[in-house]
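**Student:** Fit chain B to the supplied structure of chain A, relying on the hints for placement.
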Amino acid sequence: MSAAPIAKRDAEAEAQRKAASWYEASARERVRLFLDVHSFQEFIGPEQREISPHLHIFNLPEQFDDGMIAGRGLLEGQRVFVAAQEGRFMGGAFGEVHGAKLTGLLRAVRDAKSIPLVILFDTGGVRLQEANAGELAIAEIMRALIEARTAGAKVLGLIGGRAGCYGGGGLIAGCCSALAVSEQGRISVSGPEVIETNRGVEEFDSKDRALVWRTMGGKHRRLIGGAEIFVDDTIESFRVAAIQLCRCASAFDTAVLQSEQMRLKQRLRQFGFCPDAVDIWRSQGIENPDAVPDMAADDFIALANRIREPRYDAR
Amino acid sequence: MTLDEILYSLFPQGHDVEKNDLGLVRGSGVLARGGRVQVLGVVDRTPIGADEALQLSEWVLDVIAQGGSDPILILVDSDSQRMSKREELLGLNEYLAHLAKALIHADLQGHATVGLLFGHTAAGAFIATALATRTLVALPGAQPEVMDLPSMSRVTKLPIEILMEKAKSTPVFAPGLENLAQTGAVCAKWNDKRSLADQLQVLLHERRAHRDQRDALGKLRNGRPKAADIQDRVRELALQAQ
Numbered sequence: 085m086s087a088a089p090i091a092k093r094d095a096e097a098e099a100q101r102k103a104a105s106w107y108e109a110s111a112r113e114r115v116r117l118f119l120d121v122h123s124f125q126e127f128i129g130p131e132q133r134e135i136s137p138h139l140h141i142f143n144l145p146e147q148f149d150d151g152m153i154a155g156r157g158l159l160e161g162q163r164v165f166v167a168a169q170e171g172r173f174m175g176g177a178f179g180e181v182h183g184a185k186l187t188g189l190l191r192a193v194r195d196a197k198s199i200p201l202v203i204l205f206d207t208g209g210v211r212l213q214e215a216n217a218g219e220l221a222i223a224e225i226m227r228a229l230i231e232a233r234t235a236g237a238k239v240l241g242l243i244g245g246r247a248g249c250y251g252g253g254g255l256i257a258g259c260c261s262a263l264a265v266s267e268q269g270r271i272s273v274s275g276p277e278v279i280e281t282n283r284g285v286e287e288f289d290s291k292d293r294a295l296v297w298r299t300m301g302g303k304h305r306r307l308i309g310g311a312e313i314f315v316d317d318t319i320e321s322f323r324v325a326a327i328q329l330c331r332c333a334s335a336f337d338t339a340v341l342q343s344e345q346m347r348l349k350q351r352l353r354q355f356g357f358c359p360d361a362v363d364i365w366r367s368q369g370i371e372n373p374d375a376v377p378d379m380a381a382d383d384f385i386a387l388a389n390r391i392r393e394p395r396y397d398a399r
Numbered sequence: 003m004t005l006d007e008i009l010y011s012l013f014p015q016g017h018d019v020e021k022n023d024l025g026l027v028r029g030s031g032v033l034a035r036g037g038r039v040q041v042l043g044v045v046d047r048t049p050i051g052a053d054e055a056l057q058l059s060e061w062v063l064d065v066i067a068q069g070g071s072d073p074i075l076i077l078v079d080s081d082s083q084r085m086s087k088r089e090e091l092l093g094l095n096e097y098l099a100h101l102a103k104a105l106i107h108a109d110l111q112g113h114a115t116v117g118l119l120f121g122h123t124a125a126g127a128f129i130a131t132a133l134a135t136r137t138l139v140a141l142p143g144a145q146p147e148v149m150d151l152p153s154m155s156r157v158t159k160l161p162i163e164i165l166m167e168k169a170k171s172t173p174v175f176a177p178g179l180e181n182l183a184q185t186g187a188v189c190a191k192w193n194d195k196r197s198l199a200d201q202l203q204v205l206l207h208e209r210r211a212h213r214d215q216r217d218a219l220g221k222l223r224n225g226r227p228k229a230a231d232i233q234d235r236v237r238e239l240a241l242q243a244q
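Those sequence lines, one after another, are chains A and B.
Counting the first sequence from 1 gives a position; my numbering is that position plus 84.
Counting the second sequence from 1 gives a position; my numbering is that position plus 2.
Hint data in this document are derived by calculation from the structure and do not stem from the laboratory.
The beta-carbon is built from N, C-alpha and C at its ideal position, and this holds for glycine as well.
Heads up, a few of these hints could be off.
Unchecked claim - Listing some non-contacts, in silico: residues in chain A with all C-beta distances to chain B over 10 Å:
no., residue
1, E108
2, R172
3, T187
4, R293
Said to hold, decoys possible - Ranges of calculated distance between the beta carbons of each label pair, as one might list FRET restraints:
no., chain 1, residue 1, chain 2, residue 2, range
5, B, N22, A, Q350, 18 to 28 Å
6, B, E180, A, A95, 53 to 63 Å
7, A, Q125, B, Q215, 24 to 34 Å
8, B, E7, A, Q125, 50 to 60 Å
9, B, E167, A, A95, 57 to 67 Å
Unchecked claim - Here are the simulated DSSO-like cross-link-like pairs (lysine-lysine), alpha carbons at most 27 Å apart as the crow flies:
no., chain 1, residue 1, chain 2, residue 2
10, B, K159, B, K170
11, A, K349, B, K21
12, B, K221, B, K170
13, B, K21, B, K195
14, A, K102, A, K92
15, A, K291, B, K159
Chain A extracted, bound-state conformation (with noise of 0.2 Å):
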């Protein structure tokens, strides 16, 4: 192909990327679209139906890639790995297949030093069905994601899924160089329901949409340092982000534990008594914290980049 139709085809590939909700879109869409044109190769597609071995058990519908797609591409001409969640599958839920994959992945990562793994989150955490696999699951993903960064690479993560990224997948995510976050994507441990079951609704009201927004949601991370880039919803701005995140990440060792380990702790000392998270944003030095939650994506950002600088040293 000569220049000129490559230039369009390219123009056009971002505006597609520019109208593309992250939100609405399915994990192989994002794929496709996050990644240069046509330059996505996968490993194990669902064409070789490596079905969860678990699911029928409880009567439950398989899909071909068990809701984990796990290939490379490209990312702006550099080559990237890429590993994405379908959180339309079992709520994007490890599963034994579906966490295989993505640590082998990240294996392969750690061996080949130097190519960076981006992980697009979309997840409830693991999938309880198949729970003894997937918990395990987890614990291989975070020892060989500690492992490829160790060994040199940088593993990135983007949330902003329907599932968000929440029990297990909040850990792996933590473990992750550098996070970029849209609002839409939840960042937790335990999810607003585990909560509400085992502590009652006074201490977390499930359906107080509201307060599951402003205690776990993108705009909140980003304020505390819990991801180093807010984006607004679309997959190009999750695709600019990326980039900038392969630069920006840092290195893994002792002396990044270190200052992780000042900055949890000084985040602890500051906000620990804090009973809301708007509470927290006042503290910050908000001056209008009760508007924070409708405020649009650029406004927002500003304002995030007044408050806190992201800081790529101190994960």
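**Tutor:** Quick look at chain B alone, frame taken from chain A:
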């Protein structure tokens, strides 16, 4: 076994492990054939929230900062992660991940990490402690679980009676030591009638390979029929594609 009995059996030559008011323990013990083991842990079925995780990770980083190659033994009898609005406001996922990272990093730095599960543990607390070690062993009576059945029922929308029925016949999702061991999560069950010091010595002497071998164990024990092969295949395809 109680904590005191366990510590006595592990370190008949003496230890200085003490419990603090958070329900965490820290200290070290002397090995029979010389050398020290750094001990830390969570006891009394304490939930792990941001404060507990941060204290444990600080201790792990202290061990790394001291240098040397003392093994780290983490004793676990915990609840799940602390489930509260406060913890999630503070970003508990980062605190738990940080603890797991510290343990994995310590292991990669030459402080062989061993988890000893002697009571309960669950969910995020399990991942951030016991499952973040290189070798996890358990005493009889240990009760690991991913999630309690009432919460599971709420999340899966399956009636609890059905879950209890399935739990009897389906090891891959049911709570309990044997079920988790089958997946490869627990390396070995220790004998509480024998000296724990001897069993620890054997384990440390074996000097297991650095590489995570829980996938192979899960395949061998038939608890995870597909994970090991899928991992290997993806890894090989990805490296070929480079």
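**Student:** The structure should be examined with respect to each hint, and the outcome stated for every one.
**Tutor:** Hint by hint, here is what the structure shows:
{"no.": "1", "hint": "E108", "result": "holds (24 Å)"}
{"no.": "2", "hint": "R172", "result": "holds (16 Å)"}
{"no.": "3", "hint": "T187", "result": "violated (5 Å)"}
{"no.": "4", "hint": "R293", "result": "holds (15 Å)"}
{"no.": "5", "hint": "B:N22 to A:Q350: 18 to 28 Å", "result": "holds (21 Å)"}
{"no.": "6", "hint": "B:E180 to A:A95: 53 to 63 Å", "result": "holds (59 Å)"}
{"no.": "7", "hint": "A:Q125 to B:Q215: 24 to 34 Å", "result": "holds (29 Å)"}
{"no.": "8", "hint": "B:E7 to A:Q125: 50 to 60 Å", "result": "holds (56 Å)"}
{"no.": "9", "hint": "B:E167 to A:A95: 57 to 67 Å", "result": "holds (58 Å)"}
{"no.": "10", "hint": "B:K159 to B:K170", "result": "holds (19 Å)"}
{"no.": "11", "hint": "A:K349 to B:K21", "result": "holds (21 Å)"}
{"no.": "12", "hint": "B:K221 to B:K170", "result": "holds (21 Å)"}
{"no.": "13", "hint": "B:K21 to B:K195", "result": "holds (25 Å)"}
{"no.": "14", "hint": "A:K102 to A:K92", "result": "holds (15 Å)"}
{"no.": "15", "hint": "A:K291 to B:K159", "result": "holds (16 Å)"}
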